[in-house]
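Using the sequences and the hints, build the whole thing.
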Amino acid sequence: MTFRELELFLVVADERSFVKAARKLFISQPAVTQQIKKMENELGFSLLYRDKHTVELTAPGEVMQNAARSILYTYNHAIASALRSSTSDQSLNIGYLGQMNLTLLPEIMKSFQLHYPNFSVLASRVMPAQISALLEQGLLQMIMTPYDFVANNRALSFYPLYHDRHYCIMNKGNPLASAEHLTCQDLSGYTILVPSKENCPDHMHTTIGILESMAIGCHFELGKDSDNVAFQMMTSDTKVAIMPSYTRPNHPDLVSVPLDDDIQILTGIAYYQEMTPLEKAFSSTAYQVLNTNKFVRS
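Residues 74 to 371 in the numbering used here are what the sequence shown spells out, letter by letter.
Do not take every clue at face value.
Label pairs and their computed distance ranges (CB to CB) [as the list claims (entries may be wrong)]:
hint: 1; residue 1: SER154; residue 2: LEU116; range: 49 to 55 Å
hint: 2; residue 1: ASN225; residue 2: LYS93; range: 24 to 30 Å
hint: 3; residue 1: ASN225; residue 2: THR75; range: 24 to 30 Å
hint: 4; residue 1: PRO233; residue 2: THR264; range: 30 to 36 Å
hint: 5; residue 1: GLY211; residue 2: HIS126; range: 24 to 30 Å
hint: 6; residue 1: GLY246; residue 2: SER286; range: 27 to 33 Å
hint: 7; residue 1: VAL194; residue 2: LEU339; range: 58 to 64 Å
hint: 8; residue 1: GLN186; residue 2: THR147; range: 23 to 29 Å
hint: 9; residue 1: SER193; residue 2: SER286; range: 47 to 53 Å
hint: 10; residue 1: VAL92; residue 2: GLN361; range: 46 to 52 Å
hint: 11; residue 1: LYS245; residue 2: LYS125; range: 18 to 24 Å
hint: 12; residue 1: SER119; residue 2: GLU253; range: 47 to 53 Å
Below, simulated DSS-like cross-link-like pairs (lysine-lysine); rule was C-alpha separation at most 25 Å, straight line [unchecked claim]:
hint: 13; residue 1: LYS93; residue 2: LYS111
hint: 14; residue 1: LYS97; residue 2: LYS110
hint: 15; residue 1: LYS353; residue 2: LYS183
hint: 16; residue 1: LYS97; residue 2: LYS125
None of these hints come from the bench; they were simulated from the model.
Even glycine gets a Cβ: it sits at the ideal position worked out from N, Cα and C.
And the structure:
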């Protein structure tokens with residue numbers, strides 16, 4: 074039995090729901106069910122009572138819940154204490170896409186440096202096409218990216234952090250800039266700026282397909298990257314870019330309005346082979362920062 078399996082069991086036990094646990098773990102509900110059954114087969118007893126409507130702990134399950142919580146706390150506390158006491162000058166080399174250095178990384182790195190002051194983090198901006206080579210060649214240890222860009226690479230692993238969404242980015246003078254939310258229908262007649270093909274993930278293709286199928290008179294224009302898109306929008310009140318929050322340009326003349334397209338973008342950390350304790354500490358810090366009420370991606 075692995076630490077990962079214990080963590081999964083604790084989430085199911087705390088949520089009392091396979092569906093809620095799957096959402097929290099960013100995996101499918103059948104995968105959660107399969108892992109619990111595997112644990113029960115290894116242990117030789119049932120951990121949970123379940124039917125179509127309820128999930129409850131068995132008596133042995135309650136014992137395992139307390140034991141698992143204690144084991145994981147001791148393990149994680151030991152790793153964290155060892156890292157904090159280290160006098161190593163080891164550094165962590167990570168990559169990021171778009172404007173993550175302006176939107177996500179500052180809060181994460183601030184928290185990480187607070188808890189692990191003896192370690193430094195070096196962050197480099199990368200393009201989607203570079204992800205696989207940079208990780209597999211060991212030039213970077215981890216890259217923060219949407220899952221779409223690594224979904225087809227079986228050599229890489231993925232640590233999920235949060236679900237992102239699309240935003241409409243526009244000049245302050247755009248008539249849509251004062252809206253609290255926008256629908257695809259609201260974009261009728263506008264020129265929509267989208268990433269170039271090599272930088273366009275699957276979730277963006279889905280939204281473009283929705284707009285095209287609605288036949289609402291949108292015109293599509295390719296932008297090389299978020300910086301290029303920002304320049305175009307600053308000079309026009311009739312162009313709108315659709316972007317996830319991680320790549321939104323940070324400029325005082327631009328406005329971001331949430332797009333209600335029902336697309337969820339799983340964003341996390343891609344890595345090659347197994348994580349080191351330091352990499353796990355950074356990933357855990359990133360997850361905690363991005364999933365607290367204090368951090369709002371707006």
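How the hints compare with the structure:
1. SER154 x LEU116: 49 to 55 Å: For SER154 and LEU116 the Cβ distance comes to about 30 Å; the hint is violated.
2. ASN225 x LYS93: 24 to 30 Å: 29 Å, holds
3. ASN225 x THR75: 24 to 30 Å: Hint holds: Cβ distance 26 Å, inside 24 to 30 Å.
4. PRO233 x THR264: 30 to 36 Å: Distance hint for PRO233, THR264 holds at roughly 34 Å.
5. GLY211 x HIS126: 24 to 30 Å: 49 Å, violated
6. GLY246 x SER286: 27 to 33 Å: 30 Å, holds
7. VAL194 x LEU339: 58 to 64 Å: 23 Å, violated
8. GLN186 x THR147: 23 to 29 Å: Given a distance of about 25 Å, which is inside 23 to 29 Å, the answer is holds.
9. SER193 x SER286: 47 to 53 Å: 48 Å, holds
10. VAL92 x GLN361: 46 to 52 Å: 23 Å, violated
11. LYS245 x LYS125: 18 to 24 Å: Once the Cβ atoms are compared, 52 Å apart, the range 18 to 24 Å for LYS125 and LYS245 is violated.
12. SER119 x GLU253: 47 to 53 Å: 48 Å Cβ-Cβ, so the 47 to 53 Å window holds.
13. LYS93 x LYS111: Satisfied, since the Cα-Cα distance of roughly 19 Å is no more than 25 Å.
14. LYS97 x LYS110: At roughly 19 Å apart (the allowed maximum being 25 Å), LYS110 and LYS97 satisfy the hint.
15. LYS353 x LYS183: Holds. LYS353 to LYS183 sits at ~16 Å (cutoff 25 Å).
16. LYS97 x LYS125: The given pair, whose Cα atoms are some 20 Å apart, holds under the 25 Å limit.
Of the numbered hints listed earlier, those contradicted by the structure are 1, 5, 7, 10 and 11.
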